[in-house]
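*Asks:* Sequence:
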Amino acid sequence: MLRRQRKRRGRRRRRRRKRWRERRRRRKRRRRRWRTRRRKKKRRNRTRRRRRRRRRRGRRAIRREKKRRNRKRRRRRWRRKKRVMRRRRKRRNKKRRRRSTRRRRRRRKRRRRRRRRRRRRKRRRRRRRRRRRRKRRRCKGKTRRRRRRSWRMKRRTSHNLAQCLRRIWITLVNGKK
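First residue of the sequence shown: 1, per UniProt numbering; consecutive thereafter.
By construction, these hints were calculated from the structure, which means they are not laboratory data. Watch out, some of these pointers could steer you wrong.
Below 30 Å or equal to it, Euclidean Cα-Cα: the simulated DSS-like pairs (lysine-lysine) are [to be verified]:
1) 82 <-> 94
2) 90 <-> 66
3) 81 <-> 66
4) 94 <-> 72
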């Protein structure tokens, strides 16, 4: 039997292979709005400290001031570097000390402090009562064990037993389905 003549059962979805052009993500086109051009506001960085206005001085004085500022900065960097190096050295030495086992440790004598004893008052514990929730009796049709019920019972059953029995009684009296 040819493949074309064979009947298809159910709907079969055919996966279409994507072309390489389609696979590439398309860029969203931005819609141009025709409006009047607004001037951009200049943002000022308010966190920066305000510099004091300098008096007009000669070039030599300005250069001298620049050099002094750079010297300060360099000194600051040097101090930071030294601090970091010292920290590293400490760590290294600590590791070395841990390795050596033959080093004797000097014991310090500890001064004993006398502690005052506080008398504690006994607190009475209150026992909490647990409230027991009453279970609602369920109708026969809704018991855990599965029982076969008549179609009348299946028709109208409720979780509340009294309500369920009332409904059944009404149906029997009226002779309805």
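*Asks:* So, for every hint listed, does it hold in this structure?
*Replies:* A quick look at each hint next to the structure:
no.: 1; hint: 82 <-> 94; verdict: 18 Å, holds
no.: 2; hint: 90 <-> 66; verdict: 36 Å, violated
no.: 3; hint: 81 <-> 66; verdict: 23 Å, holds
no.: 4; hint: 94 <-> 72; verdict: 33 Å, violated
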